[in-house]
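As they're listed, the protein sequences go chains L and V. Quick note: the first sequence uses our numbering, first residue 1, plus one each step. Quick note: the second sequence uses our numbering, first residue 1001, plus one each step.
Just so you know, the hints here were simulated from the structure itself, not pulled from any lab data. A portion of the hints provided could be inaccurate.
Claimed, not checked - Here are the computed lysine-lysine pairs in the DSS-like style, where the Cα-Cα straight-line distance is at most 27 Å: (1) V:K1218 x V:K1015; (2) L:K2 x V:K1078; (3) L:K2 x V:K1218; (4) V:K1218 x V:K1205.
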Amino acid sequence: MKSFPLIWSNLFRRRVRTFLTLFSIIAAFLLFGLLRSIAGAFEMGVNVAGVDRLMVSPKYSMVDGLPISHLAQIEAVEGVAEATHMTWFGGTYQNPTNFFPKFPVQPRVYFDLYSEYIIDPLQLDAFERIRTAAVAPADLAEQYGWRIGDRIPIEGDIWLRGDGSDLWEFELVGTYTVRDDESTFASFLFNYEYFDEARIPETQGIVSNFVVRVTDPDQAGEISARIDAQFENSINPTRTATEEEANRQFAAQVGDIGLIMNSILSAVFFTILLLTANTMTQALRERIPELAVLKTLGFTDRRVALLVLLESVLLCGLGGALGIAMSGFALQALGPELEGFLGQIEMTAATTLSGVGIALLLGVVVGLNPALSARRLQVVEALRK
Amino acid sequence: MSIVELQQVSRHFTKGRQTVEVLNGIDLNIEEGDFLALMGPSGSGKTTLLNLIGGLDQPTSGSVEVAGRQLVGLSSRKLAQWRSRNIGFIFQFYNLLPILSARRNVELPLLLTRLGGRQRRRNADVALTIVGLADRASHKPGELSGGQQQRVAIARAIVADPRILVCDEPTGDLDRETADEILDLLELLNREHGKTIIMVTHDPKAASHARHTLYLDKGNLVREAA
């Protein structure tokens, strides 16, 4: 620690260069914090899904849709306790950045199936009774300042109304919360009956998925096979999986999120590695005589090498810590915007620690070669330079 | 009592297939408290001899005993530790770290001691007072004149209280008046503080401040003048 002022002063000897390098490292770790947290949100969504629920999806593509007539057949399958359907609505509220999932559902059975969603019984009655009714997660309602009785316009992009209009209007009749925050996909829900009647007739009766609660989660595999067998030879074959598996398949259709993000981060860190290594090599070259002076004064080879290495570790560590901290702040600021789509996003301790660890490792890797060069430096030759 | 004893010291450098003999069997004794000037033409081996005495280099053959320690065969680490306790270096171009203030530059050798931060600063201020630069402690080298920078370098050389000061052309980059001030300061350190000073110089006027002068030519000590 005695040498800290020396290391610190050396680090900022060329301020512009150091700050540019520092900003690059900060940017890299800001990206790291954001992307790892987003990837974590995907994984979290997979992990917390209920195991007693099955998701019945179109066999080949999630955009195909399934006829609602499948519902009765699914309900009749042995081991199925309850079933309902969901339809991905898409749509835009005010502007495209206000993204949150929206689904037309069967109110009563949907809340039966998703027992972790808590809603006032009177509001659920209203949701079931009023054709244009909608309910929203309480935090979503708070985010947009919605109150019970408000009319919420949504511009449809997938589903148009039978009259050719793309404007759908819903009346907010209630809000719901999620018990223990265990689900990450709380959505804006509205009455399926109204949606189905109002949409273009050619598209009526089409839903995206069926959700099934099984009587015995241990039998989920057999029940899935039975459901799929029902539709194997139909023009709308199905693929049934646990909700957890379905979420995974959804993520896989979007792309291997982890692989994509890790690939991006690898490219970013490789670039940062080269950039910082270049900075450190230049910094070393500029002060060969000064390092020789330190050795002349009695600094050992090892001590001089350590000074150079610590300088690199300090630069990367500082950049990493600032980048991670900034990504934490950014997630706090952007969280409500992203949560509608990705669920709960937070900077976990694991992400923070791995970020700091990578930053320190980067510092060691980048500083190792200059440190070894400093260690090998011959005083007499270096003083002549 | 001899503080420096060199016996049959040779130093050869190899460049490709060629061997350059820089020092040839030097025998030299320097008494403690002496102020010795080493003179000679360029390439005569003055700086090489200084480097050997200062523990920066090892001879090809011979014995180098300085401040009671045989330096031949010491590891790089042991030599560094020995230097930090026994030798103060003063260079022609001052070799201060431009990013540090005068006080921090002077404090550098004390980073290798067990002294705490406050004591280090106090010692550095004492050294700066001795060289007459107490009021420039917070200035960086770039904000000081050549003479002032050399004074800071001298303060750095004496701050850890070494027995020997090794000076390589300490006035070579200074004007006459400033050079005289620096030489007066070295004389003061020799006379009042008992430092043994070994100074390489081309300048006969600088050498006149020393108690003895040795001449080197082609790696051999050729004569000694009083």
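Against the structure, the hints:
no., hint, verdict
1, V:K1218 x V:K1015, "holds, 17 Å"
2, L:K2 x V:K1078, "holds, 21 Å"
3, L:K2 x V:K1218, "violated, 44 Å"
4, V:K1218 x V:K1205, "holds, 22 Å"
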